[in-house]
Amino acid sequence: MSTVTTGTPYLEVEDLKVHFKTEDGIVKAVDGVSFSVERGKTLGIVGESGSGKSVTSLTLLGLHNMRATTVTGRASVGGTDVVAAPHSTVQKMRGKDMAMIFQDPLTALHPYYSIGRQIVEAYRIHHKVSKEVALKRAVEMLDRVGIPEPQRRVKQYPHEFSGGMRQRAMIAMALVNDPDLIIADEPTTALDVTVQAQILDLLGDLQKEFNSAIIMITHDLGVITQIADDVLVMYGGRAVEKGTVEQVLRKPHHPYTWGLLNSVPSLHGDASEDLKPIPGNPPSLLNVPSGCAFHPRCAHAMLGGDGPCAKIRPELEVVQGLKNHTVACHLSEAVRATISDEVIEKVDA
Amino acid sequence: MLRFVVRRLLLIVLTLTVVSFGTFMLFFAAPSDPARILCGTRCQPAQIEAVRDGLGLDRPIMTQYVEYMGGIFAGRTLGEGDWAKDCSAPCFGYSYTQNQEVSEIVARALPVSASVAIGAWIIQTLISVSSGVIAARKRGTAVDRGTIAATLIGGALPIYFVGPMLLLIFRYQLEILPQPSYTPLLDDPLAFAGGMIMPWATLAIVGFAFDARLSRSQMLETLDEDFIRTSRAKGLKDRVVFWRHALRASATPLATSAGLGLGGLLGGAVVTESIFGLNGLGKLSLDAITARNLPIVMATVLIAATFVVFGTFIVDMLYAAIDPRVRLS
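Read top to bottom, the protein sequences are chains A and B.
UniProt numbering numbers the first residue of the first sequence as 1 and each following residue consecutively.
UniProt numbering numbers the first residue of the second sequence as 1 and each following residue consecutively.
Keep in mind that the hints were calculated from the coordinates and are not lab data.
There could be a bad hint or two in this list.
The calculated PhoX-like cross-link candidates involving lysine-lysine, where the alpha carbons are at most 25 Å apart (straight line), are [claimed, not checked]:
1. LYS138/B to LYS21/A
2. LYS155/A to LYS136/A
3. LYS131/A to LYS237/B
4. LYS128/A to LYS237/B
5. LYS237/B to LYS136/A
6. LYS92/A to LYS237/B
7. LYS92/A to LYS131/A
8. LYS96/A to LYS128/A
9. LYS323/A to LYS276/A
10. LYS208/A to LYS155/A
11. LYS17/A to LYS311/A
12. LYS96/A to LYS237/B
13. LYS92/A to LYS283/B
14. LYS136/A to LYS208/A
Whole structure, please, built from the sequences with the hints as guidance.
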């Protein structure tokens, strides 16, 4: 499962910042995030609502709200920097070089057009073929994503599909042009647990088949374990921990990651034992706390006297001995390692 | 789909029945006696009684209502004895003051009102929807701000101000438009349009604001929808996303507003007709109400109700054409 670096990653994001100007001030939705994804690999981005995970992905496709928004940094998709590229270039890349699967397939599909028509349209943007050829391709894709009777279903409208089938249709539409990068923004959040697993399996299979890079945005650590190779934990618009799934979920080094793991109910654990949610609320991106943005909610924050947590913003640093594993925290490595073991012990119990 | 249409048509029949019955009852509840009015001020009680008897006004209200409705579809003989008059279908009764069948009087007035209302409706819908949609497309630009300003001004102007102003400017000051009048469309299309242009303009200017603002806000709201983001994520050009996906999704509320607007315009046409001196349904019903001329009031109310109800029916049919989800339910 660990990343072996070979050649250039398909997606490389460097110091990406997305700031919105509002009446109340500047919202730093994303404030300096770097990551990369290779073909055939899946990066999971985890975080609470408002951590900047969705804005990051929307910005890659240029789908963020353009008004009063400043985007800086670099985001190379297959060699093209989509931050610097003109709008028309990015628009032509959408659907072909990078495609997106959205959270709620009910609202994300056009209610007045048949499923077939929507897929045909997506295909014909990037392929100069007749409607008949495109329709054949649409039926093929519906069949590929496991929709029974695709010949009949292709003529139906989104409201005639169940939630899981709708998300399959959404995936069929996103993959119809064989995109190199797939961004899935909480694709299973609106679905039943059993359907969730099927959809994730499907994405995994399709990834093997098409050798695409996937970004999986989620707040569900279970989804990450099931599908991702690498994980990026975001908090307050910044990356707080980065590494392979093995590293971040089995040897977490950031207090926020501990909090996320502690908030997951265990099937084997003692039912009478309370879950430990992270106290407080996600920070306002309009007014991010000084120093480490997590310090007001952190049980281990060093605040009094020379304590740096409220004063100095921690940068990502390599966790010694763990390749590719970085964390932004002022706690000493020894302290973090001890707490990490305790957390994992409890999660496993 | 057929069941859908049949159900809506049945609903129309029901609505019109209720409206006609309501109007009928309302008139009998009013403190006036049609027989007395007809007979004149110097009538003796015995004479009034004779008139009432002759017109059948002494019979139960339900019987009279059923006969009235029957007359609309099959025609009937009005009154008895000396008062008897043949009235062929559609019989809306007889106006004794004008000595004419109501259907003839209405048939003269209806085309005038219909021309004013339908013409104004077409112009108003075209202008307001297109300007609202274009404003949404050019959001935040001078075009957008100009449209908003125009809707603010248009929305604040009443018919009885716009109408006389148009007359004053275009008819008397500049002398470039003829006095509003009604010429049948098929007799002389140019004279028809010339005579109607000021009433149309009046109603369109006054009605423009609502639909324009609705179209603009509806488009902006649709543009925020998830499926619009999806269509952009597919790689569609912004132009196509706007003019195809967003416009299609906004069509339902716009059709509703435009369809219901037709009924409203008929009401607006009443005032407009009085301003421009057109002999349409508006003037007719105003005069009839003042004179307590029941048969004419009944007829005009029924016609107005039919307009509104069929406007709604057309909207429903449009819904089904636009939104696939309606076809099933």
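Cross-check of the supplied hints:
1. For the suggested pair LYS138/B and LYS21/A, the alpha carbons sit about 21 Å apart, so the restraint of at most 25 Å is met.
2. Between the alpha carbons of LYS155/A and LYS136/A the distance comes to roughly 12 Å, so the proposed pair stays at or under 25 Å and holds.
3. Proposed proximity of LYS131/A and LYS237/B is supported: the alpha carbons are some 19 Å apart, at most 25 Å.
4. Only pairs whose Cα atoms come within 25 Å are accepted, and LYS128/A paired with LYS237/B is accepted, the gap being roughly 16 Å.
5. For the hint pairing LYS237/B with LYS136/A, the CA-to-CA distance comes to about 24 Å; that is within 25 Å, so the pair holds.
6. For the hint pairing LYS92/A with LYS237/B, the CA-to-CA distance comes to about 8 Å; that is within 25 Å, so the pair holds.
7. With a C-alpha separation of about 20 Å, the suggested pair LYS92/A and LYS131/A falls inside the 25 Å cut-off, and the hint holds.
8. Taken as a hint, the LYS96/A and LYS128/A pair is honoured in the structure, with Cα atoms around 13 Å apart against an allowance of 25 Å.
9. With a C-alpha separation of about 30 Å, the suggested pairing of LYS323/A with LYS276/A is violated against the 25 Å cut-off.
10. Pair hint LYS208/A plus LYS155/A does not hold up; C-alpha atoms about 29 Å apart against a cutoff of 25 Å.
11. Proposed proximity of LYS17/A and LYS311/A is supported: the alpha carbons are some 21 Å apart, at most 25 Å.
12. The hinted pair formed by LYS96/A and LYS237/B meets the criterion: a straight-line CA distance of about 14 Å does not exceed 25 Å.
13. Of the supplied pair hints, the one linking LYS92/A and LYS283/B is violated, its CA atoms being roughly 61 Å apart against a limit of 25 Å.
14. Distance check on the hinted pair: LYS136/A and LYS208/A sit about 23 Å apart at the alpha-carbon level, within 25 Å; holds.
Of the hints listed earlier, those the structure fails to meet are numbers 9, 10, 13, in rising order.
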